[in-house]
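**Student:** The primary structure of each chain is shown beneath.
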Amino acid sequence: MKRDFLFYISIFFIVIVALSAIFAGYITPYDPYSINPNEILQPPSFHHLFGTDRIGRDLFTRMIFAGRISIEVSFIAVGISTVLGVFVGAISGYYGGIVDILLMRFTDVMLTFPVFFLILAVVVVLGPNILNVMFVIGLTSWMGIARIVRAEVLKIKNMGYVQAAKLLGKNDFYILTRHIIPNSLSPVIVYATLGVGAAILAESGLSFLGLGVQPPTASWGSILSEGKDVIEIGWWMSFFPGIVIFFTVLSFTVIGERFK
Amino acid sequence: MKAYFLKKILELVPTFFGITIIIFIVIHLAPGNPVNSMGTFNPNISQESLEHMKKLYHLNDPLYIQYLEWLHSFSNLDFGKSLVDGVGVTAKIAQRLPVTIGINVIVLVLSLIISIPIGIISALKKNSSTDKFFTLFVFSGYAMPSFWIALLLMILLSVKWHILPLSGLHSFNIKPGSFNYYIDLSKHLIIPVFIGVFGSLAGFSRYIRKEVIEVLEKDFIKMLYLRKISKKRILYIHALKNAMLPLVTILGLSIPALIGGSVIIESIFAIPGMGQLFYYSAMARDYPTIMGILTISTILTLLGNLIADISYALIDPRIKYS
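Going down the list, the sequences are from chains A and B. Mind the numbering: the first sequence is residues 1 to 260 in the working numbering, read in order. Mind the numbering: the second sequence is residues 1 to 322 in the working numbering, read in order.
Simulated from the structure, these hints should not be mistaken for lab results. The beta-carbon is built from N, C-alpha and C at its ideal position, and this holds for glycine as well. Each hint should be verified, as a subset may be incorrect.
[As the list claims (entries may be wrong)] If the Cβ cut is set under 10 angstroms, some of the chain A residues that face chain B in the computed set are:
(1) G56
(2) I231
(3) F239
(4) G242
[As the list claims (entries may be wrong)] On the chain B side, residues computed to face chain A include the following (Cβ under 7 angstroms):
(5) T15
(6) F17
(7) M144
(8) I155
(9) G260
(10) T301
(11) N305
With the rest of the complex left out, here is chain A:
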């Protein structure tokens, strides 16, 4: 128990964040969008745990509603990159030969690329909105998973049960989906967990530059971005979003590393 102290704290934190995002409407008496001119930029207090923003919205409320967006964006992005990575890795490892060479070459190309530049360019070109952000992050972060799955598949494909399935006349699709992919998934879970943290960072970076989710919808990154404009008169506006992003990413990293 004592050895895994950090791990349990991380799990606890993620559960809290997830629950507050799910039950956002029941936790807070405020509305995330309602403007209150009488309570502009109030510092943290009992009534407003994280203070209020410059049009009087309760920051705590905005943060838990924004949590929905940040978590949604990162989970879907990781979902996309996991499916893509497993697909590329499994095909590459299973078939080998020229298919393997081409796919791995492409993976290397993507790995040597300053991906954040590409994300930025694509988001600017296609227009900044949640969908584009999710897809672009997902489509540019599958390479690690593809490599690890390929390595696993190379180990598995010569095992007895795969050979047996082949002798029984099962087709490649059956063998891949029933035997090979399920048995190579455990490292994928590690990478996906780490990926969630990375996706939250990428999304908040984009939103900070004004290229992520657009108002009135908010993510943690976009609230932080609003906060930077008033940082000298309202430190809480940038402090709380940052600390929440920080602990969330840290928790996912600790959990992922624990299973490595």
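Since the structure of chain A is provided, determine the placement of chain B on it from the hints.
**Tutor:** Just chain B now, kept in the frame of chain A:
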């Protein structure tokens, strides 16, 4: 050995074409082009002059023709003219590239100096409280949003306490070349470099930790223990040498992340580097500049990887047989 280098260099060619084609397609298949957006923002512009502009920038040609034309100019190191101010893209980038490279080299060197001892100590004291402390420390660096810590440090150190300058690279009234000029420059660089280093510690130190742990469990190290060779000698001469080799590859692989990260850092601190230029160009849909920067940063990463591969082969004789 020569064949190995040649192979590595030749491998770069398809990679280069692959990346530039991807970038080119991504940028050009998007709806809307800069000329059209000129039309939306300026209702007085005539259809004729829009057509003229499109012709001027070859926006009506099929995509592959545009790519071939781009390749042709690229072979002369000409990325065209910026759509924003008409200045040559190559000149623009050349002016800003040294800033970005300089900062990233400083960040890389400092990260290594700090993360190598952290990784080694963590490995030697695996699962101790020292190891856990370092792990938490480097993970914190990774998990902390760079723009957030940048804001906090700016507010505390520059605005509240006036210890460090707020942004940019130089103060206004400093004469270039003087001693104070360099002091001034270093002061401006402290916060951005600190943020870069703190963020890259995790990648390096965790990697070194893993390598050292693996090497210490190898048979030849156990043999050395049996031969009663001193622990220090085993560690410094045999184990570390073998554990440090793969670090070269990781260095090469870390370049893309560093260059990508410079967009945010340079935008926040108003540092006139390539990252900031990229941000401005992306916002203005300045295709030639976007394309130029993406190409240059691709070349930089490919060169970084090539240097990593070559130096790896030079220091590790086993490579040439594989």
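**Student:** Could you run down the list of hints and mark each one as holding or not?
**Tutor:** Quick rundown of the hints versus the structure:
1. G56: With a closest approach of 22 angstroms, the A/G56 hint is violated.
2. I231: At about 6 angstroms, which falls below the 10 angstroms cut-off, the nearest Cβ of chain B leaves the hint on A/I231 intact, so it holds.
3. F239: 7 angstroms, holds
4. G242: At 3 angstroms from the nearest chain B Cβ, A/G242 passes the 10 angstroms test, so the hint holds.
5. T15: Cβ of B/T15 sits 5 angstroms from chain A, so the hint holds.
6. F17: This interface hint is violated because 10 angstroms lies over the 7 angstroms limit.
7. M144: Since chain A brings a Cβ to about 5 angstroms from B/M144, closer than 7 angstroms, the hint holds.
8. I155: Since chain A brings a Cβ to about 6 angstroms from B/I155, closer than 7 angstroms, the hint holds.
9. G260: 3 angstroms, holds
10. T301: Given a least distance of 5 angstroms, the restraint on B/T301 holds.
11. N305: 6 angstroms, holds
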